[in-house]
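Participant: Those protein sequence lines, which keep their order, are chains A and B. Last residue of the first sequence: 115 (our numbering), numbering continuous. Last residue of the second sequence: 115 (our numbering), numbering continuous.
Simulated from the structure, these hints should not be mistaken for lab results. A portion of the hints provided could be inaccurate.
Claimed, not checked - Only some residues are given here: those of chain B computed to face chain A with a beta carbon under 7 Å: (1) F34; (2) S43; (3) L44; (4) L46; (5) I93; (6) G102; (7) E103; (8) A104; (9) F106; (10) Q108; (11) G109.
All C-beta atoms, glycine included, are put in the ideal place defined by N, C-alpha and C.
Residue strings, one per chain:
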Amino acid sequence: DAKTTQPNSMESNEEEPVHLPCNHSTISGTDYIHWYRQLPSQGPEYVIHGLTSNVNNRMASLAIAEDRKSSTLILHRATLRDAAVYYCILRDGVRRGGSARQLTFGSGTQLTVLP
Amino acid sequence: GAVVSQHPSRVICKSGTSVKIECRSLDFQATTMFWYRQFPKQSLMLMATSNEGSKATYEQGVEKDKFLINHASLTLSTLTVTSAHPEDSSFYICSASRTGQGEAFFGQGTRLTVV
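Could you put the whole structure together from the sequences, leaning on the hints where they help?
Facilitator: This is the structure:
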């Protein structure tokens, strides 16, 4: 799986937007960009994913660079509950026999939200 | 939405004993489930892939005789840590996906402490 690079940590003020960057310069044409987050002492939870176009859902937005070598997860108004480790993960969209594939987690970005 | 339930959430056991952790997909069938381990301040590391009706696939360095995986039905996978030692103390997390779908669902994790 192609590698991703994220800052180790970021801080944000409550109710302000947060832009979490991710570099993935070796991304292949079939790699989807996934974001998961892990709150303290919990399993990861899905945030968003995309392939080429920007994506929006109720949790966040995903902005993907035109060359797909980087992406940014955008939290529009950070709350204290958004404090977590955010993981940017590439996942090959080519399904071999229809089976699920594991996720390969990097070190992620620890987001601290200040009140 | 889909939910993966993991039980127990926390367990303390004595050295030399065995501990079983259950992972259930509550509203979908999962032919494949994944087991991860996470040490403090580290990222998730894949331990093994659990396949319904067949043997699990273990990652390099993970002892298959120590971490027994059983995936007897399409909604249940179990991980048994046999002859536990203090160094097995960790946060164990399972995940599952609907076949061919992008989003992975994670259990809430099991905090294992071996004393």
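Participant: Against this structure, judge whether each hint is valid.
Facilitator: Results of checking the hints against the structure:
no. : hint : verdict
1   : F34  : holds (5 Å)
2   : S43  : holds (5 Å)
3   : L44  : holds (4 Å)
4   : L46  : holds (5 Å)
5   : I93  : holds (5 Å)
6   : G102 : holds (5 Å)
7   : E103 : holds (5 Å)
8   : A104 : holds (6 Å)
9   : F106 : holds (3 Å)
10  : Q108 : holds (5 Å)
11  : G109 : holds (5 Å)
The earlier numbered hints are all upheld by this structure, with none contradicted.
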